[in-house]
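J.: Listed in order, the protein sequences are those of chains A and B.
Just so we're aligned, residue 1 is where the first sequence starts under the working numbering, counting upward by one.
Just so we're aligned, residue 1 is where the second sequence starts under the working numbering, counting upward by one.
Treat the hints as calculated values from the structure; they're not laboratory data.
Treat the hints with caution; some may be incorrect.
Some, not all, of what chain B presents toward chain A, calculated at C-beta under 10 Å [what the hints assert, rightly or not]:
{"no.": "1", "residue": "THR85"}
{"no.": "2", "residue": "GLU86"}
{"no.": "3", "residue": "ARG93"}
{"no.": "4", "residue": "LYS94"}
{"no.": "5", "residue": "VAL125"}
{"no.": "6", "residue": "GLY128"}
Below, in silico cross-link-like pairs of lysine-lysine (DSS-like), each with a Cα-Cα straight-line distance of 30 Å or less [as the list claims (entries may be wrong)]:
{"no.": "7", "chain 1": "B", "residue 1": "LYS155", "chain 2": "A", "residue 2": "LYS120"}
{"no.": "8", "chain 1": "A", "residue 1": "LYS7", "chain 2": "A", "residue 2": "LYS120"}
{"no.": "9", "chain 1": "A", "residue 1": "LYS141", "chain 2": "B", "residue 2": "LYS87"}
{"no.": "10", "chain 1": "B", "residue 1": "LYS9", "chain 2": "B", "residue 2": "LYS159"}
{"no.": "11", "chain 1": "A", "residue 1": "LYS151", "chain 2": "B", "residue 2": "LYS87"}
{"no.": "12", "chain 1": "A", "residue 1": "LYS120", "chain 2": "A", "residue 2": "LYS151"}
{"no.": "13", "chain 1": "B", "residue 1": "LYS57", "chain 2": "B", "residue 2": "LYS155"}
{"no.": "14", "chain 1": "B", "residue 1": "LYS9", "chain 2": "B", "residue 2": "LYS87"}
{"no.": "15", "chain 1": "A", "residue 1": "LYS42", "chain 2": "A", "residue 2": "LYS7"}
Positions of the beta carbon are idealized from the N, C-alpha and C atoms, including for glycine.
The lines below spell out each chain.
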Amino acid sequence: MNLSQLKEWCLNRWPQASVAEGDPLTLNVNAEAILECALILKKEEETDFDFPVCHWVNDNPEREIFTLYYYLYSMQHRHSLRLGLEISREYASAPSLCGIWPGFNWYEREMYDLFGVDYKNHPDLRRILMPDNWEGFPLRKDYQDPRLLPKPF
Amino acid sequence: MAVINNACKVIQVMPAGPFLLLQTEQVLNWARANSLWPLTFGLACCAIEFMSVGASKYDFSRFGFEVARASPRHADLMVVAGTVTEKMAPLARKLYLQMPDPKYVIAMGGCAISGGPFCYGTYSVVRGVDQIIPVDVYVPGCPPRPEALLHGMIKLQEKIMRSHPLLGEPRKIEEL
Numbered sequence: 001m002n003l004s005q006l007k008e009w010c011l012n013r014w015p016q017a018s019v020a021e022g023d024p025l026t027l028n029v030n031a032e033a034i035l036e037c038a039l040i041l042k043k044e045e046e047t048d049f050d051f052p053v054c055h056w057v058n059d060n061p062e063r064e065i066f067t068l069y070y071y072l073y074s075m076q077h078r079h080s081l082r083l084g085l086e087i088s089r090e091y092a093s094a095p096s097l098c099g100i101w102p103g104f105n106w107y108e109r110e111m112y113d114l115f116g117v118d119y120k121n122h123p124d125l126r127r128i129l130m131p132d133n134w135e136g137f138p139l140r141k142d143y144q145d146p147r148l149l150p151k152p153f
Numbered sequence: 001m002a003v004i005n006n007a008c009k010v011i012q013v014m015p016a017g018p019f020l021l022l023q024t025e026q027v028l029n030w031a032r033a034n035s036l037w038p039l040t041f042g043l044a045c046c047a048i049e050f051m052s053v054g055a056s057k058y059d060f061s062r063f064g065f066e067v068a069r070a071s072p073r074h075a076d077l078m079v080v081a082g083t084v085t086e087k088m089a090p091l092a093r094k095l096y097l098q099m100p101d102p103k104y105v106i107a108m109g110g111c112a113i114s115g116g117p118f119c120y121g122t123y124s125v126v127r128g129v130d131q132i133i134p135v136d137v138y139v140p141g142c143p144p145r146p147e148a149l150l151h152g153m154i155k156l157q158e159k160i161m162r163s164h165p166l167l168g169e170p171r172k173i174e175e176l
C-alpha cells in the first residue's frame, strides 16, 4: 500500500484514530490500545508489519510527556508505518511490544536506560549501554550530572 | 625481583660495581625497548590508525613492536587507542593490571589524553586515561597520523633506553 491507501486503511479500521501525514505515516495510539492495535497491524494480511525497524523516545518537558515512536516495516508489501504513543513524563510507563515483535527487546532496553521509560511485561528490562550501577537517565532534558562540564566557549 | 634488588645493592658498593650495573642496564634496556609487544586494545577510531601502523605500509615490526597480542599476559605495551568511557574504565584498568611488568602505556589521541571532543557536556566519558592508569607517552591528534603514533612509540623506546631498572627506584604500580 502507498501512503494514502495506508492512511485510508487505518481510518477505516479505527475511525476515531488520528493519523498524522508524513513519510512514514504516524498512527497515534494511546497506551490502552497499543497492544491490540499492534497485533492487528501485524496479523492482518493487508498490512503485515513483520519487521520492527526502530524505536525512539522524544522528551518534551513543556508538555510533561514522553512521546514513544515505533517504526514498523512490511517485508512483503514494502510499506512502513510509525506508531506514536504519548505517555506522562511523571509515571513514564508503557506496555512493551516485545511480545509482538521480539526485535524491540533491545530498543526498549535502550530507551529504559537513557530515558527511564518503564516497559510493562518486558522480559529483561535492565540497562544496556550505561554501567549497571548508573544513577539517573542521562537523555532526559532535566538530567543533572557533575560530569556535564559546561562549555567554556 | 627482591633478590635482584638485593644483589644490585651488594654489587653497587663493590669496586667497579656501578659500572657493571650500568652496562647490565644498557643490555636490559636494549632488550626491553626492542621487543615491546603491544596489546590489541582499540576503543574507537584511533584503533584504525593503530591497525594501520601494524600493517605493511607503516609496519611497527621494523622497530621491535612485532605483533599485537590478544592477551594482556603476552603484552608489554598498552596503546589506549580511543575514547575511554565510564563503562570501559574498570575493564581497561583490569587489563593494565593483568599485564606483566615491565609495562608501558601510550595514550593515543585526544580522547585518551583528556577526553578530547567529549571533554565538555558529556556524562559518560573519562577525561583522560591517566585518571585510571599511569601513562608514559601522549600522542596528540584526532586521530593521530600513523607516523605520529610510530613517533610516539619510538619516543617510548628512547625513554626506556634512558631508564635505570637496576640502579634507580623500581617502577611503582600505582594503586590509583
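J.: With reference to the structure, classify each hint as holding or not holding.
T.: Do the hints match the structure? See the list:
no., hint, result
1, THR85, "holds, 9 Å"
2, GLU86, "holds, 6 Å"
3, ARG93, "violated, 14 Å"
4, LYS94, "violated, 14 Å"
5, VAL125, "holds, 8 Å"
6, GLY128, "violated, 13 Å"
7, B:LYS155 <-> A:LYS120, "violated, 56 Å"
8, A:LYS7 <-> A:LYS120, "holds, 29 Å"
9, A:LYS141 <-> B:LYS87, "holds, 22 Å"
10, B:LYS9 <-> B:LYS159, "holds, 24 Å"
11, A:LYS151 <-> B:LYS87, "holds, 23 Å"
12, A:LYS120 <-> A:LYS151, "violated, 38 Å"
13, B:LYS57 <-> B:LYS155, "holds, 20 Å"
14, B:LYS9 <-> B:LYS87, "violated, 44 Å"
15, A:LYS42 <-> A:LYS7, "holds, 16 Å"
Comparing the model with each numbered hint stated earlier shows that hints 3, 4, 6, 7, 12, 14 do not hold.
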